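In case you want the letters, here they are:
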Amino acid sequence: MTKTQNERIQLFAALAAPFPEEAVERTDGRVTGRGYSTTGIKYQYVVDRLNAVLGVGGFRTERTITVKPITTAKGRPGFEAIAEVKLELGEWIDGRFLVYAQAWGDGGHVAMGEADSRKGSFTNAFKKAAAFMGPGRDAYRGTIDDDHVPSDDIVATTSAAVATAPLSRAAPPADSVPANDQQDDGPAVGPPISPAHPVRSRLTSRQFAALRSLSAKAGYEPSSFKTEMRRRFGVEPGYLSARDASIVIGEMLAGMNGHGAREVG
Amino acid sequence: MAADDGLTVSVSQLKEFMICPRRYQLHRVLGIEPAFTPTPLALGSAAHAGFAAIYTSIKNHGEATPLDQVIQVFRDDWAVAVDAPVPLRLDEDAADPVDTGVRMLTAFHAHVAAAGPVNVVAVEMPFHGVELHDPDTGEILDEKLGGVVDLVLAEPAGITGAGGQMRNVIVEHKTAARKWTSDQLDHDFQVTAYQIAAKAIGLGDDVGLRLQVVTKTKQAAVIVDDVVRDELAEVDFLRTAAGVLRAVGAGAFWPVRSWACKTCQYAHACSTGRR
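Quick note, the sequences are listed as chains A and B, same order. Numbered by our numbering, the letters in the first sequence go through residues 349 to 613 in order. Numbered by our numbering, the letters in the second sequence go through residues 19 to 293 in order.
In case anyone wonders, no lab produced these hints; they're calculated from the structure. Any given hint could be a false lead.
[To be verified] Result set (DSBU-like, lysine-lysine): computed pairs, CA atoms no more than 35 Å apart in a straight line: (1) Lys351/A with Lys390/A; (2) Lys416/A with Lys390/A; (3) Lys280/B with Lys217/B; (4) Lys33/B with Lys574/A; (5) Lys351/A with Lys162/B; (6) Lys574/A with Lys192/B; (7) Lys162/B with Lys565/A.
[What the hints assert, rightly or not] Some residues of chain B that are not near chain A, with every Cβ distance over 10 Å (derived): (8) Lys33; (9) Leu48; (10) Thr55; (11) Val139; (12) His146; (13) Met184; (14) Trp198; (15) Ser200; (16) Asp243; (17) Glu252; (18) Asp254; (19) Gly267; (20) Ala268; (21) Gly269; (22) Cys288; (23) Ser289.
Computed from a predicted structure; not experimentally measured. Using N, Cα and C, we set each Cβ at its ideal position, and we do this for glycine too.
Can you make the complete structure from the sequences, with help from the hints?
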């Protein structure tokens with residue numbers, strides 16, 4: 349199963365489309381006790397993106413996880429898990445998964461329970477592997493849009509008094525171990541900078557180009573595609589939100605890959 | 019330059035947003051059908067078809083199309099506007115628009131004949147994919163500038179044209195109720211945008227800019243103004259484009275209430291609570 353260069357570019361554009369603000373998770377190193385802050389995309393949003401763009405069954409993972417018991421500096425028992433995850437994009441044909449793209453990711457996680465440490469290490473490694481294909485790449489580039497920073501964060505981190513500003517919740521001891529893995533590690537980041545411009549919700553130029561190309565391939569006349577987008581989203585194609593554009597691109601790619609209906613809608 | 023499949027912005031889009039962001043939203047974003055086509059818009063479009071016919075003939079045949087043919091081009095274009103699904107809104111107090119158009123084209127045809135030979139490079143020349151940036155941050159904007167230049171002439175560079183140097187002159191045609199004011203000539207950013215585009219599409223770094231304004235007065239007149247746009251004007255345009263595009267990107271479309279609301283093509287949809 350091969351893809352043309354153009355198809356790969358369009359696939360990447362759909363996979364790498366910006367995530368909504370609610371998909372972004374941040375941890376404060378002073379709260380988690382890890383000593384560094386992180387910004388990342390929530391695991392389920394990455395999974396949803398893969399499903400939306402590739403269709404259910406359009407990817408698979410293989411994992412190798414090693415776990416070892418540890419004792420924290422304060423003498424508490426815990427587990428450290430290290431996962432190696434292989435993420436493959438492809439298609440199931442006659443019971444065989446034909447791969448056209450593959451990436452590896454490593455991740456680790458420490459938790460008080462072994463299951464939580466395994467789970468956390470997997471999601472971390474999975475997100476790293478997925479970033480190779482586009483979803484969540486901004487987190488690892490450190491370029492998650494500043495618009496995602498909650499307004500309170502902007503005020504706090506751009507203030508000269510940030511270093512002494514009280515936290516909204518009490519920081520646990522520096523060597524404490526998170527009780528579960530809901531706060532997965534993302535890449536370490538510095539303080540966000542003040543946004544230079546207001547939130548952009550409009551689709552990107554690349555998304556628009558992908559929409560035009562894919563809709564033409566799907567057999568749409570420009571006028572009928574406009575009508576369809578207005579029916580579904582109430583706006584002209586050039587003014588879709590980045591999120592809606594990502595959904596439509598994913599649907600059309602899925603339709604062309606045989607994962608779903610050919611029609612958008 | 020090849021057509022760009024990505025997001026494009028035109029000068030008319032920027033101007034429409036600056037007149038009224040809500041109007042821009044109704045027209046461009048929501049795709050609302052206008053209730054009518056204003057007569058000046060249709061008249062200007064039909065007159066432009068006549069102007070283009072004259073210069074296309076000069077480019078292809080070395081001489082202007084005869085006046086009767088130019089007027090026929092105008093009438094044909096006007097007929098399309100009259101028969102269009104969106105109705106024309108005629109101003110009962112104004113002169114017959116066809117008579118006005120014929121007067122304008124007659125004056126323009128005479129002006130071209132009197133001006134002598136010209137070297138036509140292009141007529142109705144489209145351009146796409148011109149990169150814009152925010153002059154304050156350096157950020158490359160996602161939308162690329164596109165548009166259509168009415169006319170490009172090649173003329174001797176400098177006052178005397180000494181040395182045989184030629185340069186391109188971008189000519190924009192305007193139809194107007196009266197002569198443009200000096201403020202309009204100084205600040206209209208369409209020619210500024212085209213000066214920026216000219217560099218990107220290979221027309222040269224030192225293009226001339228000319229406005230040929232044809233008035234709709236009883237004695238139609240053609241007023242030719244050569245204008246200059248300096249670096250500050252280009253920065254102004256880029257700052258304007260960046261600001262408008264940021265507002266559009268963020269979905270900021272506020273209404274501007276004014277006398278113009280009474281004649282707005284989208285007034286029927288403006289106050290109905292649509293988002």
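Does the claim that Val139/B lies off the interface hold, with its Cβ farther than 10 Å from every Cβ of chain A? 30 Å, holds
Tell me if the straight-line CA distance from Lys574/A to Lys192/B falls inside 35 Å. Roughly 32 Å separates the two Cα atoms, so the pair holds.
Restraint check for Lys416/A with Lys390/A, where alpha carbons must lie at most 35 Å apart: 26 Å, holds
Would you assess whether Trp198/B, listed as outside the interface, keeps its beta-carbon beyond 10 Å of every beta-carbon in chain A? Check passes; 32 Å lies beyond 10 Å.
Confirm or reject: Ala268/B is not an interface residue toward chain A, with every Cβ-Cβ distance exceeding 10 Å. 4 Å, violated
Could you let me know if the closest chain A CB is still more than 10 Å away from the CB of Asp254/B? Check passes; 18 Å lies beyond 10 Å.
Determine whether the non-interface label on Glu252/B survives the test: each CB of chain A must be over 10 Å from its CB. 20 Å, holds
Just want to verify: Met184/B was marked as not at the interface with chain A; is every Cβ pair farther apart than 10 Å? Label holds. Min Cβ-Cβ 36 Å, cutoff 10 Å.
Would you say Ser289/B is clear of chain A, with no C-beta pair closer than or equal to 10 Å? Holds, since 18 Å exceeds 10 Å.
10 Å Cβ clearance of Gly267/B from chain A: Violated, since 4 Å does not exceed 10 Å.
Take a quick look at His146/B and tell me if its Cβ sits farther than 10 Å from every Cβ on chain A, holds or violated. At roughly 12 Å from the nearest Cβ of chain A, His146/B sits farther out than 10 Å, so the non-interface label holds.
Checking one constraint from the list: CA of Lys351/A to CA of Lys162/B, max 35 Å. Satisfied? 29 Å, holds
In this structure, the hints that do not hold are numbers 3, 9, 19, 20, 21, in rising order.
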